[in-house]
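Here the protein sequences line up with chains A and B, keeping their order. Going by our numbering, the first sequence opens with residue 5, and the numbers climb by one from there. Going by our numbering, the second sequence opens with residue 30, and the numbers climb by one from there.
Hints should not be assumed to be uniformly reliable.
According to the in silico footprint, chain B covers these stretches of chain A (three or more CB under 8 Å from chain B) [said to hold, decoys possible]:
1. 50-57
2. 60-71
3. 75-89
4. 120-133
It should be emphasised that the hints constitute simulated quantities derived from the structure, not laboratory data. Keep in mind the model is a prediction, meaning the values are calculated, not measured. Don't be surprised by glycine CBs; every beta carbon is placed ideally from N, CA and C.
Spelled out, the chains give:
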Amino acid sequence: MIISGFTKTYDGRCVLDFPRMEISDGSICSVVGTNGSGKTTMAKILAGIEKPDSGIRPVELNAGYMPQRSFAFRMSVLKNIMLNGDDSERAKLLYEKMGLTALLNKNAKNLSGGETARMALCRLLMKDYDLLILDEPTAAMDIEATTESETLIKEYRDKTGCTVFIVSHSLQQAKRISDEVLFLHEGRPAERCRTEGLNAPKTEEFRRFLEFYGV
Amino acid sequence: MHTALEKAIELIASGDAELLNILNVTAIMTLSSSVIALLIGVPLGVFLGASQFPGRKALIVINRTLMGMPPVVCGLIFYILFSGVGPFRATHLLFTVRIMIIAQVVLITPIVAGTMESYVEGIRFSVRETAKGLGISRIKSFFLLCNECVYQVFSSYLLGFSRSIAEVGCVAMVGGAISWKTNVMTTAIMEYTNKGSFSIGIALGIILLSIALLINILLSIIQRRASR
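Excised from the complex, chain B in its bound form (with noise of 0.2 Å):
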């Protein structure tokens, strides 16, 4: 165990080649799977938590459901949709970042959405009643409504981001885990803790926590600056 620890560190520290590939693919997956999530979940969130229509609050238990969707079923129906049986495969995508792209952002949205439709369901009531009593249009009350919910967009993509970057069971399933190609942090892990070869899983897994705890920081900074 200490060997392994040793190796580990020494594998950060030389700026292994293999590991730099695994960060690498991860750092695309998760940063381009959550930056398309925000940019999704966001306005839908927005959208579902400040206005009134009709199925409006089947689309939110629609959505509440998804955010608890097991990865692995996740990953399941991408790999049945895009393998040589499914209605995809002239995609060629399984097996790709792309595809651990894709099937993350179907993963992360509903949480986006999710976080921020709680949030604005939550405040909409009291802006709308004092912009409307105050004689604010609609649309200056929705740029208020707006910049109430700018931190709560950090704290949103940060959930999003941390649930990308922590995510093993729908990107092995749909990347296949391939060495060099769609191999991330923790499909590493798994994949290196499997071979008994403990030393790149160890730093993985500082690497992965690094990140968590660095993560969590941002979030304690941004709900401070946000109750300043």
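So that you can see chain A by itself, here it is in the shape it has in the complex (with noise of 0.2 Å):
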């Protein structure tokens, strides 16, 4: 998969300078770096939430996007997760497997932030996409929530072959889960290195940054 290189600049600032870039198909990505790095505007970029300076979206695929706050609408969990495909099969699937059977009727608006998160995840990963972007999606859940999650990730990337970008604040989910890790630093791809290769930063600020983490 390419990625054409873009910008962003927010009033007056460039808060993004992504250059071109090639991801194997199917991979999962784990997207790093402190807080405004960039890393959610470029989720928003890549998912066509947000257009780059340029006005052209740096990948043309059927991208799913998960926000870093999952929003629920005023109907219950399971019209929900049924907003993004009618199979009911899929949907017993995946409520089940994150712990939503018993909330299934609840009004969604009355959910936890974790179980806001958990059913939003069910929602997305109702249809199939070429790209899937996640951004913090187990921020806000428990660690048996996440698990669960990183397991259906891991799934539903297998069963569709689709390329993942997670943006994580934790060094840990991205050893367990991605395949390759991209560290962004002052609005630019300081460093991106398979998984096994976190223990050998080149640069100086992704040295920093793990050592901060305790990677």
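Assemble the dimeric complex from its two separately framed chains, guided by the hints.
Below you can see the structure in the form of structure tokens.
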């Protein structure tokens, strides 16, 4: 998969300068970096939510996107999930795995943050995408739900062969789930490596970042 | 005071003809104006809150200004426009219930539109982002946005209704508070108090407060249902 280079400027300040990049089809790439490094902006541009300065979407693929703050529509949990597809068998498989069975008839507005994120992930995985972009999908989840989500994402990738970008603050999660890691620093990809290569950072910024996270 | 209250209760209980007439005029004016304001204000509010176009912010500022327009100023404008020297004098609408409804629509519509606009503004980005992230069509996304607003529509309506029923300055100016014709609860309270006849004023006050209480109960039920 080829991502064409793009930039994004807010109020005259360049927040993202992303070069042309090739990503192996079907790989899971964790995007890490400090706050304000451009991770969410990158995710939104790839998903087509925001336009880059050039106005051309860098990846012309059927993309699914889960925002940082999951939104629950004013309807039952089941209806929220079925919004994105009518395959009830698939929905059952997803909500059972994510432990939402007991909440199906509840108004989704009344779910907790973690439950909303679980529901949002189920809802997204109801459809087959070529590219999946998840912005901190497990940030609000407990350990059990996080593990289930990671398994679900991997299974989804194996089944559909899609490429996955996961914006994450957890390097442990990046190690568990991804094939490669992309480190953003001050709006630029400062380093990119295979997950196994996390022990041998090439740049000083990435080394300090890893050190801070105790990797 | 005690006798006036007793007499007021007696008036309500006996269904006094003048009292009923005042209630009837009030009901016609309030219901008509609030429904018309709802029909105009809701689409306008959703449009202002959900769309992006040049001049949108200016329109929002204008609407917010109109939300706080003093009713007597609105009454004055309508009085000038429809009086014997105004451009619309030929319509002969001054001192009729119809002009009271029109003036009330002008007063309430910005309130309905404004509350809808700020609600939609607060959720539109999340709805759009989520819907677009799922690959949902724009039309379906719009319907999802409307579905999110259902309870807000009720709240906005009740807000408009309570403003309309409690309004006095504007309706007094354009309606003239004519007995058996354009006298509504608020203007009647003023009129009878000025005459020193407190009983009918108290009776109307009781009814007005009861309606306000009912509206607040309805609002809290709606808010509770919305959060369920």
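**Study point:** Indices of hints not satisfied (ascending)
**Key:** Of the numbered hints given earlier, the structure breaks none, since each of them holds.
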